[in-house]
Amino acid sequence: MKSITSPNFSLMSTRYKLIILFSVAALSLVAQENTNQSKFKQLYEELPTPNVYRTASGAPGHQYYQQKADYVIDVELDEKNHTIKGNETVTYTNNSPDALDYLWVQLDQNIRAKNSIGQLTSTSSIDSEMSFGSIKRMHDKMNFDGGFKLDHVTDASGNKLSYTVNETMMRIDLPRPLRKGQSFSFKIKYWYNINDRMKLGGRSGYEYFEEEDNSIYSIAQFFPRMAVYNEVDGWQNKQFLGNGEFTLPFGDYKVNITVPADHIVAATGELKNASSLLSNAQRKRWESSRTSFNEPVIIVTQEEAEASEKEKSPSKKTWTFEAKNVRDFGWASSRKFIWDAMAVKISGKTVMAYSFYPKEGNPLWEQYSTRVVAHTLKTYSKFTTDYTYPQATSIHTKRIGMEYPMICFNYGRPEEDGTYSKRTKYGMIGVIIHEVGHNFFPMIINSDERQWTWMDEGLNTFVQYLTQEEFERGYPSRRGPPQNIVSYMKGDKSGISPIMINSESILQFGNNAYGKPATALNILRETIMGRELFDHAFKTYSERWAFKHPTPADFFRTMEDASAVDLDWFWRGWFYTNDHVDISLDQVSWFKVSTGNPEVENPIAKANEEKDDTYIGGTRNKILIEKTVDELDEKSIDFYTTYDPFLTSILEKEDYTEYIEDLEEQELALLSDGKNYYELQFSNIGGLVMPIILEFEYTDGSKEVVRIPAEIWVQNSESITKVFILDKEVARVTLDPLLETADVDRNNNYWPPRMEPTRFELYKAKDKSKDNLMQKEVKAQEREEEIKKEAEEKDAEEENTEEPAEDK
Amino acid sequence: MLNTVLISFLSLFISFHNFHVTQTTLHYNNSSDLIEITIQVAVQDLESALEDQGAKQLRIGTDNESKSTDQLIKDYFERRLIILPNGKPTHYQWVGKEMSKDLHDLYIYVEITNCQQYGKFTSLSVENSIFTEILSDQANIVSIEFGADNQKLTFSQNNKKQTVKLGQ
Ligand SMILES: [Zn+2]
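Line by line, the protein sequences give chains F and X. Just so you know, we're using my numbering here: the first sequence kicks off at 1 and counts up by one. Just so you know, we're using my numbering here: the second sequence kicks off at 1 and counts up by one.
A couple of the hints might just be wrong.
Below, computed lysine to any residue pairings styled on SDA-like, alpha-carbon distance capped at 20 Å [said to hold, decoys possible]:
#1 F:LYS136 / X:GLN53
#2 X:LYS56 / F:SER131
#3 X:LYS152 / F:ASP579
#4 X:LYS56 / F:LEU507
#5 X:LYS97 / F:PRO476
#6 F:LYS425 / X:GLN44
#7 F:LYS766 / X:LEU34
#8 F:LYS398 / X:LYS152
#9 F:LYS80 / F:LYS312
#10 X:LYS152 / F:LEU507
#11 F:LYS779 / X:ARG59
#12 F:LYS766 / X:HIS27
Simulated from the structure, these hints should not be mistaken for laboratory data.
For reference, chain F alone in the conformation it holds in the complex (with noise of 0.2 Å):
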């Protein structure tokens, strides 16, 4: 960074301080290509052209439609060979104005078949110093036998129905076209393997504890589900390949879950049959919950669990659930479950947060989880859309943070001591604010997961991140805060893709799809839009879209539509390149008014000059040479000799005179005010346009903020330059000094110029012996028994010492 100061340079006249004002829009002036390479560009090339389904305002249109799946299933677990048996009714209602020759069907379980398309096509390679662990998970892998295995589909009489699956996709061939408003009924027999989680991963499986020969299922994906059929993809009928998630319709569920009879079942929708399956103090339990708002209730507490856990019941019972316009189902089984539950007032309504945990969850998920559901149903439906089903629960699954409708699995155990590090504590926190929260995004605001990772996951994690700020002052949030996303923005661009990119090319997934769009979202609250209107935007989307198919153009437009602020140029910049941002505080330029009187100016010339002449060898001059020759001959001096240039004349007083008597009234105030002019240089090297935010600092020690719209760029998106008119003079001035933009480099970003420390840096100057408090508490106690320890050995030696002496 290069900062030039010009102290004093004079204006010579009130015209030509306007000339240097507006030669900043001159400046900007710059020869475009010849095609519209603007930064601030319309989106019109990348955004689908509206249309009766979706208007230009972001809104579903008048003829907005979704299909309807409606199940009825019947599943089985067979714990002792780890396998689902289901039955399912699946009614599928055709509400396009299509007629549809075939219905597609997913079936998920098939990633995980021998020679899957997703095994196949993931890249792979040898390490030399792979362990015995990491060979042995390749092989379990690879020899687990997953997928569904189909005994027959028919329809709802029960005649053979022609399908073909293709992967992960299942085509039933209808008998006769389906045409809008008719309803087609099929049935589908089926089993498949249960995957252990711990060995082979998955969104769902079983953890099995084999000291006692339990285990904790948590079951998804476990009936063929119907794809999404509309104006925007057709079928959405792309593979699933791992990362791209799922894209379901709505529909009305009911599921009977027959599980061992001495098992506690979680699940999706309310539970019907409570009196065949919770004793008497259970379900009293359970009742006075319902108006327990302040204080989770226990239902089925630790002792009944542990009682459970020590026998196994060879009888079987069955648990009817049932649930309304959801897009999916999934539930979890174990008699090793606790299970709480707490009230929460939602626009006047009670909904009810569960949590389902083991003995190995506690003392952690007794005090937090069923704690956070409620303060994450209550914030999200305070930002987004009221939270309008019946039930959200948690349930506790080592290791993995998976969403369902209304259920969810989520890390965080203690150890077995039942300590826990403060990571634990926080991580536990933020999984459940996160998964429950995407109770709202995409469960409830249905978008395309396959498609767009970034449409649930991002939104999901901007308003996780206001959850967690709401939850506890100074929580120790990952995704949101700009400075956090800075490390990636600036990484290798091979390694980086747009946001809007489909959810199987995402490079650095949690980057790209989580930080990035969260990230985003909240610069545009904090610094582009504003709290007020950015809130009411985003809840104007959520409210559109809720129940609905929202696609990424209903987000963007919506988010201008509700606002009148033009985001065209954001979406452009941080959801379709990988630019970052850095702008760049070049040089900042100092100008003060003449006042034209050469009585005063003169003066003030002559000390500059002589400030200026700073050449090392003038002025050793000034001293080694003792006497020149004019000083020493008078014969040599003539005019020009003597002649003062900065000494103030007649004939330059009255013009000065007549200057002044010709002025405006306006003109001579600006003359008299004393005000100082600086011309800020900036560039843009990161590619982003971005509000300019500067921090003067004054010679007087007060400071003052200016925020100046991203707007600037218009015209150049390079470089621009700014005056600002100041009364008081400037001593430091500091660009994004809020640290809201995610400005990659600050080294630029001061003037007068200074570097920041580099994180290494920082760490090596810092107190090493830095502990933590309890660490400090531990080592102090420590050290007093230590010296307690080191006076009795003195005593004792002294003693020893003193026996021989005695022997003496």
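The hints should help you fit chain X with the ligand onto chain F, whose structure is shown.
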């Protein structure tokens, strides 16, 4: 032929975790003649990698951290992050480590001292296979800051060694 074998185990099907990216900065400090190395890794991945090699419950960054942790970490990175100025082997001097504010990552600081012994830098080779032995989707990003030379590289299971020219 042994090829196309799967070794991912934590990678698929998880909707909320760290997604396996490390960031390393190699900064040449002219005045102290050091290569300052800052490695940012997810604590969970580091624990998995060290435990995969037989280490027991390290509890990195907690009050009960295992005593041998620093040594294990240094040994691991000496094998998995190899820096070769002008193609010559180097050793790390341990500086320290600290948790990130969000408790998710660990910053590891090591340095290579007395760099003049390698002569004027004309090239830098980096072998980076951090966590690739346990995670198939691992991405390792390296920023090289050697005076005016600023370069960025991405390493993966299929791309573990790269060389850049310096002082061109
Ligand atoms: Zn998620």
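Here is what the structure says about each hint:
Restraint check for LYS136 of chain F and GLN53 of chain X: satisfied, since their Cα atoms lie roughly 13 Å apart, inside the 20 Å limit. Taken as a hint, the LYS56 of chain X and SER131 of chain F pair is honoured in the structure, with Cα atoms around 14 Å apart against an allowance of 20 Å. For the hint pairing LYS152 of chain X with ASP579 of chain F, the CA-to-CA distance comes to about 15 Å; that is within 20 Å, so the pair holds. Taking the CA atoms of LYS56 of chain X and LEU507 of chain F, the gap is near 32 Å; set against the 20 Å cutoff, the hint is violated.
As the CA atoms of LYS97 of chain X and PRO476 of chain F are separated by approximately 18 Å, the hinted pair is consistent with the 20 Å bound. Only pairs whose Cα atoms come within 20 Å are accepted, and LYS425 of chain F paired with GLN44 of chain X is accepted, the gap being roughly 14 Å. Using a Cα cut-off of 20 Å, the hinted pair LYS766 of chain F and LEU34 of chain X holds, with the two alpha carbons roughly 18 Å apart. This hinted pair does not check out: LYS398 of chain F and LYS152 of chain X have alpha carbons roughly 36 Å apart, beyond 20 Å.
Distance restraint check for LYS80 of chain F and LYS312 of chain F: the Cα-Cα separation of roughly 11 Å lies within the 20 Å cut-off, and the hinted pair is therefore satisfied. In summary, the hint linking LYS152 of chain X to LEU507 of chain F is supported, as the alpha carbons are separated by about 16 Å, within the 20 Å threshold. Between LYS779 of chain F and ARG59 of chain X the alpha-carbon distance is near 18 Å, which keeps this suggested pair within the 20 Å criterion. This hinted pair checks out: LYS766 of chain F and HIS27 of chain X have alpha carbons roughly 19 Å apart, not beyond 20 Å.
The structure shown violates the earlier hints numbered 4, 8.
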